[in-house]
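Asks: Input sequences plus hints: build the corresponding full structure.
Residue numbers (the numbering used here), protein chains in the order written: chain A, 1 to 148; chain F, 1 to 265.
It is worth saying that the hints were derived from the structure and are not from the lab. In this text, a Cβ means the ideal position worked out from N, Cα and C, and glycines have one as well. Please note: incorrect hints may appear among the correct ones.
[Unchecked claim] Below, computed lysine-lysine pairings styled on DSSO-like, alpha-carbon distance capped at 30 Å:
| hint | chain 1 | residue 1 | chain 2 | residue 2 |
| --- | --- | --- | --- | --- |
| 1 | A | K40 | A | K80 |
| 2 | F | K82 | F | K92 |
| 3 | A | K22 | F | K229 |
| 4 | F | K176 | A | K34 |
| 5 | A | K67 | F | K194 |
| 6 | F | K176 | A | K16 |
| 7 | A | K85 | A | K16 |
| 8 | A | K40 | F | K246 |
| 9 | A | K75 | A | K104 |
| 10 | F | K194 | A | K22 |
| 11 | A | K40 | F | K38 |
| 12 | A | K22 | F | K82 |
| 13 | F | K43 | A | K79 |
| 14 | A | K34 | F | K229 |
| 15 | F | K92 | F | K13 |
| 16 | F | K176 | A | K67 |
| 17 | A | K40 | F | K56 |
| 18 | A | K16 | F | K118 |
| 19 | F | K118 | F | K38 |
| 20 | A | K67 | A | K80 |
| 21 | A | K40 | F | K194 |
| 22 | A | K16 | F | K229 |
| 23 | F | K13 | A | K22 |
| 24 | F | K176 | A | K22 |
| 25 | F | K117 | F | K55 |
| 26 | F | K44 | F | K13 |
| 27 | A | K40 | A | K22 |
| 28 | F | K176 | A | K85 |
| 29 | F | K118 | A | K40 |
| 30 | F | K82 | F | K117 |
[What the hints assert, rightly or not] A few chain A positions that, by computed beta-carbon distances, are all more than 12 Å from chain F:
| hint | residue |
| --- | --- |
| 31 | S23 |
| 32 | R28 |
| 33 | G31 |
| 34 | T36 |
| 35 | E47 |
| 36 | A58 |
| 37 | A59 |
| 38 | G68 |
| 39 | T73 |
| 40 | K79 |
Listed below, chain by chain, are the residues.
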Amino acid sequence: MSNEGSPETIVGASLKVEGVLKSEGDLRIDGEVKGTISTKGTVSVGENARIEADINAAAAIVSGNVKGNLNITGKTSLKKTASVKGNISTQQIEIEAGAHLVGKCNTESAQKNNSPHADDQQTKGRANQEIPPIKIAGQLNHKESVSV
Amino acid sequence: MYFYIYDSSIEEKKEYAHVVARMETEINNLGLTGERTKITSLKKIDQLVLEAIQKKYEPIVIVGRDQSFSEAASCLAKHGQKNTLAFVPIEKKSVVGSLLGVTRENAITILSRRTIKKVLLARANGHYFLSRVSCHAEPPKPAAAPGFLKRIFKKNAQNFFVPRIVIDDDCVIESKINSVDVFPGFSINKLKIKLDKADTQRGWRITKKKAQVEQSVFWPRQALINSPKPLPVWIDGRQISRTPLKVSLTKRQINLIVGPQRRFS
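Replies: Given below as structure tokens:
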């Protein structure tokens, strides 16, 4: 019988999904998704997941392979096995050593409050401007492509 | 006035007769008397439910198996009737009973309390269902081998199928799985679709590993499940349809008497 606690959508490791994958709760992906992913909750991308889709979510925890843009209203975590090819727009980002990110990373105006140059700068901080460091383990090349 | 519809399965086991006798004593003690009738080959459950509707009996109490209750609920939903439906399961393990929070021990007590909930019904290929719709691959033909070899080398052959599942007209799933199960998610007004895929069990009897089942879960409002060849579909335990299978939530509601241990709010 149905367990109606919290409606978590789960995409199993051997499953292939194509199209618009929508959810109202959390979304856990261990398989293959092509298209668009949209949820009001957290998207967790497993180590063996392969995603060719744009992701729109409140939070994201990425451990697998993503080709597409991430539009996250909250926090984005890229784990050490993560590989993201696309732009990330998020409020807060955390990148573990070993993660791969090829694309632009935009963090939101939450950075403005902590920045000593808040009055002078544009509030949408880019990785190549002088803003307080975000949590990354490794080196940053201040160009469009960022690899750690 | 109560209207009790007794399932013909009551006569199958002595155990059921004891349950019914105990139940009737409780009914008399609590003053829940009413008209009693039985499903026979001449009088099907649909006719009995319609009879209860015409005579304006309330509630209609089904005494018997899950299937009889599902048929009664389906009949009420088809005719858009608002009569309250109650269930007294006679089986020890009743899927519908556990959904409603009713067991054969506490059914009459719950009936006397009359906690009524409106429940949205889901529909599968034109049939309303309450607990579950399932579809799985057909079992493979047994391998040709002498009997003693079959006992020693027990291989579970793969009984997969590759359905095409369209969810909410938005996304398509096409993968090898063992079974598809659909449950109505009453509290959240969605369906729960569960796809199972088990690894093949291999090995000798002693070293055989337990199959790992990979589950996928989706929560749509409707879904269409198609397979390369028509497969049987079980709706609330009855095999009454075949793929393609269309499942959706409907706006039809029925009133059910439920217990505190029900699986929805």
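Asks: Quick one: which hint numbers does this structure break? Sort them smallest to largest.
Replies: 11, 12, 13, 17, 18, 23, 31, 32, 33, 34
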